[in-house]
Each structure stands twice: as structure tokens, then as C-alpha cells.
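Peer 1: Sequence:
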Amino acid sequence: MSLNLTATLTKSFNVQQKLSAFMPDTSEPTSDYSARFVIETHPVHGRLVRLGDTIDQILKSHDYPPVIANLLGEACVLATLVGASLKFEGRLILQAQGSGAVRYVVADYDTKGGLRGFCRYDPEELDALIQENEGSFQSLGAETLLGKGTFIMTLDPEDHADRYQGITPIEGESLSLCAEHYFAQSEQVPTHIKLAVTELTGINGRSWRAAGAMIQAIAGDETRGETKESFQHIRALFETLGEEELTDFDVTADRLLYRLFHEDGVRLSALKQVHKQCRCSQERVEGLVQSFTPEEQNEMLEPDGKVHITCEYCSKTFFVGL
1 MSLNLTATLT KSFNVQQKLS AFMPDTSEPT SDYSARFVIE THPVHGRLVR
51 LGDTIDQILK SHDYPPVIAN LLGEACVLAT LVGASLKFEG RLILQAQGSG
101 AVRYVVADYD TKGGLRGFCR YDPEELDALI QENEGSFQSL GAETLLGKGT
151 FIMTLDPEDH ADRYQGITPI EGESLSLCAE HYFAQSEQVP THIKLAVTEL
201 TGINGRSWRA AGAMIQAIAG DETRGETKES FQHIRALFET LGEEELTDFD
251 VTADRLLYRL FHEDGVRLSA LKQVHKQCRC SQERVEGLVQ SFTPEEQNEM
301 LEPDGKVHIT CEYCSKTFFV GL
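Be aware that the sequence shown starts at 1, since it is given in the numbering used here, and climbs by one per residue.
Treat the hints with care, since some could be wrong.
Said to hold, decoys possible - List time: in silico DSS-like cross-link candidates among lysine-lysine, alpha-carbon distance up to 27 Å:
id, residue 1, residue 2
1, 228, 87
2, 112, 316
3, 306, 87
4, 112, 60
5, 316, 276
6, 112, 87
7, 112, 228
8, 87, 272
9, 60, 272
10, 112, 306
11, 306, 316
12, 316, 60
13, 60, 276
Claimed, not checked - The calculated label-pair distances, taken between Cβ atoms and stated as ranges, are:
id, residue 1, residue 2, range
14, 30, 132, 36 to 46 Å
15, 189, 162, 42 to 52 Å
16, 306, 53, 24 to 34 Å
17, 293, 124, 32 to 42 Å
18, 300, 219, 45 to 55 Å
19, 243, 148, 21 to 31 Å
20, 163, 287, 17 to 27 Å
21, 162, 279, 17 to 27 Å
Keep in mind that the hints were calculated from the coordinates and are not lab data. The model shown is predicted, which means the values in this text are computed figures rather than measured ones. Built from N, CA and C at the ideal position, the CB exists for glycine as well.
With these hints in hand, go ahead and build the complete structure from the sequences.
Peer 2: Here is the structure:
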């Protein structure tokens with residue numbers, strides 16, 4: 001299914017009337033999805049991601065401070081933006097690791113729509129960092145939290161072909177900047193990314209939302225010619241996209257893109273659902289325990305005579321008897 005938002009839309013109609021004929025059917029998700037879009041009159045394509053229940057479940061698996069939840073939320077959205085663009089079946093693993101209060105953040109997306117992630121940090125160092133910044137979470141971004149370190153994207157094909165790994169330094173207070181540097185250096189693809197994470201209060205309590213959008217230039221050729229000016233034009237429009245707009249799921253994907261790009265033409269592909277999925281299982285944990293020597297296994301035993309292993313991604317604890 002493809003949604004053409006501009007082919008027949010003219011200024012003589014009310015915007016609501018124009019869009020109604022191009023809305024996705026009611027089976028399409030209103031959150032927890034990724035979707036590709038293309039700009040019809042410029043060599044630019046992109047992707048939109050919105051995460052509701054999925055990111056709420058991932059973040060609530062741990063009692064993360066808001067600043068850590070925000071960082072992991074960014075990582076999960078970014079992994080989905082990039083992973084959903086893969087041309088093969090498999091996984092994209094996004095990691096950022098450094099010497100700061102946050103040691104490690106990882107998000108793991110598979111091309112069937114499964115997503116998981118976790119963050120490892122030192123609580124005491126984080127508290128000190130927050131105090132140094134007078135309790136302001138807004139000033140604590142990726143570079144401040146992670147310190148000097150590396151941003152890594154790993155492509156892991158399902159057919160057991162060789163993994164590909166790209167590494168760049170952590171630069172900037174948003175993981176979006178790290179990814180833009182990665183694409184510029186490793187892929188030579190002009191890329192611009194926006195990420196947003198927010199916590200809402202509703203009748204059912206507090207819940208997390210996260211969203212992001214990415215645009216990329218399509219390489220020039222004899223037919224297209226130079227694409228730099230086209231990308232700069234679309235990027236200027238893209239810059240008007242605000243964080244509140246990204247995480248307002250009442251504004252559907254087609255409406256959002258129409259607002260940004262209706263004068264240039266934009267076509268939205270079918271929305272692909274995203275869901276929380278952890279790969280831990282009793283069988284895998286038992287296999288892991290068996291990989292240790294008998295002496296190591298004995299050292300791991302708890303007073304109840306079993307080995308206790310807690311998954312870092314989902315916080316589920318498994319018990320293995322020897």
C-alpha cells in the first residue's frame with residue numbers, strides 16, 4: 001500500500017477534505033510503527049518512527065532516572081530508523097559506550113519489527129553530574145553522559161553472512177548527531193535526523209513516548225544531476241519539525257508529512273509495526289550456564305542451589321539448576 005498525499009491535492013479544497021481520502025485504513029497503527037517516505041520532486045527519501053507502548057515497556061523494565069530513560073529512548077528510535085531501512089533480513093545493533101557516568105547504551109532492532117534496549121550507568125557518578133548541572137536534565141546529553149567514547153552501528157544479517165560494523169567518535173549532545181557523523185564518514189550520505197522522547201501524564205498514570213524522523217539525499221547521477229541544493233531545501237523544511245509535533249500521535253503520519261512537504265510532493269509507504277521483543281529464554285540461559293566450567297558454575301550458585309541470571313534487557317530473572 002502506498003499513500004500519495006499530494007498527487008491530487010489542490011489549494012481549492014479544505015486540508016481536512018483533501019487528506020481524508022488518503023488516510024490509512026483503521027487497521028494501520030497510530031503508534032509503534034516505522035514508515036518510509038519519498039519526496040516526489042527532489043532526490044530525497046526518509047523515514048518516520050513513533051513508539052508508544054513499545055518504548056514505555058522497554059523503559060519501564062528498569063527504574064531509570066529520566067535522563068537515562070531519555071538517552072535510551074533516543075537510542076531505540078534511532079536503531080529503528082536505521083534498522084527499518086536495511087535491505088536484508090537481520091538485525092541492527094546500535095551502541096554508544098564511553099568513560100562517563102553512562103558506561104553503555106544499546107538498542108537492538110530486527111527487521112521483523114522487534115526492538116529491545118538497555119543502559120548501564122553508575123548511579124553515584126550520575127547523581128554528581130546532575131548536581132554539577134544544578135539538577136537540569138536538559139543539559140545532560142549524549143556527550144556529557146557518555147564522555148569520550150565511540151558510537152557503533154553493527155549490521156548482523158540473518159543468513160549468517162559477515163557482520164559489518166561502523167565506528168565513529170561520540171560527538172554532540174544527541175545521538176542523532178552521532179548518527180549523522182556516521183553516515184557522513186562511513187556512507188558519504190547526507191543525512192539529517194530528529195529525535196524526541198517525552199513522558200506524559202494521563203488517567204492511567206505516566207507513560208513514555210518516543211519518535212524520530214530521518215531524511216537522506218539520494219546520490220546524484222546523469223539524470224538527477226547535483227543533489228546538494230535539493231537536500232538543503234528539504235532540510236530547511238525538515239528543520240521546522242518540532243519535538244512536540246513528533247510525539248503528538250494525534251497528528252497522524254500522513255498529516256505530519258503533508259504539513260512539511262506538501263508543496264514538493266510526498267509519498268508515504270505502508271506503516272510497519274514495531275514491538276518490544278527480547279531474545280532471552282530459559283533454553284538460552286541454560287546454554288549459557290553450560291558454557292562455563294564446573295568450577296565456575298559452582299561459584300555462581302545461590303543459597304537455593306540454583307544459578308540466578310537476570311536479563312539486562314528486560315530484567316526477567318531465570319533460575320538454572322545444576
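Peer 1: Compare the structure with each hint and give your call.
Peer 2: The hints, checked one at a time:
no.	hint	verdict
1	228 <-> 87	holds, 25 Å
2	112 <-> 316	holds, 22 Å
3	306 <-> 87	violated, 43 Å
4	112 <-> 60	holds, 23 Å
5	316 <-> 276	holds, 14 Å
6	112 <-> 87	holds, 12 Å
7	112 <-> 228	violated, 33 Å
8	87 <-> 272	holds, 15 Å
9	60 <-> 272	holds, 23 Å
10	112 <-> 306	violated, 35 Å
11	306 <-> 316	holds, 16 Å
12	316 <-> 60	holds, 12 Å
13	60 <-> 276	holds, 12 Å
14	30 <-> 132: 36 to 46 Å	holds, 40 Å
15	189 <-> 162: 42 to 52 Å	violated, 21 Å
16	306 <-> 53: 24 to 34 Å	holds, 33 Å
17	293 <-> 124: 32 to 42 Å	holds, 34 Å
18	300 <-> 219: 45 to 55 Å	holds, 52 Å
19	243 <-> 148: 21 to 31 Å	holds, 27 Å
20	163 <-> 287: 17 to 27 Å	holds, 21 Å
21	162 <-> 279: 17 to 27 Å	holds, 21 Å
In the structure shown, a violation is registered for the earlier hints numbered 3, 7, 10 and 15, in ascending order.
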